[in-house]
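Modelling step: build the complete structure from the supplied sequences, incorporating the hints.
If you read the sequences in order, they're chains A and B.
Just so we're aligned: the first sequence equals residues 1 to 116 in the numbering used here.
Just so we're aligned: the second sequence equals residues 1 to 115 in the numbering used here.
Keep in mind that the hints were calculated from the coordinates and are not lab data.
The beta-carbon is built from N, C-alpha and C at its ideal position, and this holds for glycine as well.
Wrong hints could be hidden among the right ones.
As the list claims (entries may be wrong) - Only some residues are given here: those of chain B computed to face chain A with a beta carbon under 7 Å:
hint	residue
1	H10
2	V37
3	A87
4	A102
5	L103
As the list claims (entries may be wrong) - Here are the in silico distance ranges between beta carbons for each label pair:
hint	chain 1	residue 1	chain 2	residue 2	range
6	A	F39	B	L20	32 to 42 Å
7	B	G8	A	K66	29 to 39 Å
8	B	A1	A	K64	40 to 50 Å
9	B	S114	A	E63	13 to 23 Å
10	B	K69	A	R10	37 to 47 Å
11	B	S9	A	L26	40 to 50 Å
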Amino acid sequence: GAVVSQHPSRVICKSGTSVKIECRSLDFQATTMFWYRQFPKKSLMLMATSNEGSKATYEQGVEKDKFLINHASLTLSTLTVTSAHPEDSSFYICSAPRTGRDTEAFFGQGTRLTVV
Amino acid sequence: AQSVTQLGSHVSVSEGALVLLRCNYSSSVPPYLFWYVQYPNQGLQLLLKYTSAATLVKGINGFEAEFKKSETSFHLTKPSAHMSDAAEYFCAVSGGNQAGTALIFGKGTTLSVSS
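Next comes the structure, spelled out in structure tokens:
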């Protein structure tokens, strides 16, 4: 079964509104989570690293005021797309590494955001 | 710095034929290498991973990959393609067993399987 749950799987919103996407690790704690964006027919581009209890680290070119990340607990990170515009329409995927003897990154199911 | 290059954005094979998806990596540290599969509008599913143990790695659904340091390659193979293998495949690299290290993905290869 899924060990990382991402919600919602699909959302349509109007331009100018904000959308929150949740990423939960279901049976392990994740002090770090990653947010990726995937354009059609393109690879996954790392947007930011979410750190529990501290500020997120954003990749170059990613607007931190537009893509707000909150890692409020060891099992939950949220990505809020603020004042969304059509060009923000994309597929967003979160990932949480489960650490231990054999670290493995688990991915959420993804969120298809459409801004109209 | 790390990167992966997937050669061939689109591979087409017949059902029952050999599948070969190519991946070359660049890493300044001993790499961990991964292959993921993605079906439309879904997240990523791990097929297999190399973590510095055996160089020939067997994964799910009959896939395997061989780590060749001399060639900086980690090609994915499957002896006999099934229709259900049609999907997008991503090769990825990370800087070892570090929780704070994100994966760096290749551009992906679309695998088509014809009957």
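Each hint tested on the structure:
Nearest Cβ of chain A to the Cβ of H10(B): about 10 Å, over the 7 Å cut. The hint is violated. With 7 Å as the threshold, the beta carbon of V37(B) stays out of range of chain A, its nearest partner Cβ sitting at about 11 Å, so the hint is violated. Taken as an interface hint, A87(B) does not check out: its beta carbon lies about 13 Å from the nearest beta carbon of chain A, beyond 7 Å. Here the hint on A102(B) is kept, as its CB sits about 5 Å from the closest CB of chain A, short of 7 Å.
Against a cut-off of 7 Å between C-beta atoms, the interface hint on L103(B) holds, since the closest Cβ of chain A lies about 6 Å away. F39(A) and L20(B) have their C-beta atoms about 26 Å apart, which leaves the hinted 32 to 42 Å range violated. Evaluation of the 29 to 39 Å hint for G8(B) and K66(A) yields a pass: the beta carbon distance comes to about 34 Å. In this structure, A1(B) and K64(A) break the distance hint of 40 to 50 Å, their C-beta atoms being roughly 23 Å apart.
Between S114(B) and E63(A) the beta carbons are some 43 Å apart, a value that contradicts the proposed interval 13 to 23 Å. Separated by about 42 Å at the C-beta atoms, K69(B) and R10(A) satisfy the suggested range of 37 to 47 Å. A hinted range of 40 to 50 Å for the beta carbons of S9(B) and L26(A) is inconsistent with their spacing of about 34 Å.
Violated hints for the displayed structure, listed by number in ascending order: 1, 2, 3, 6, 8, 9, 11.
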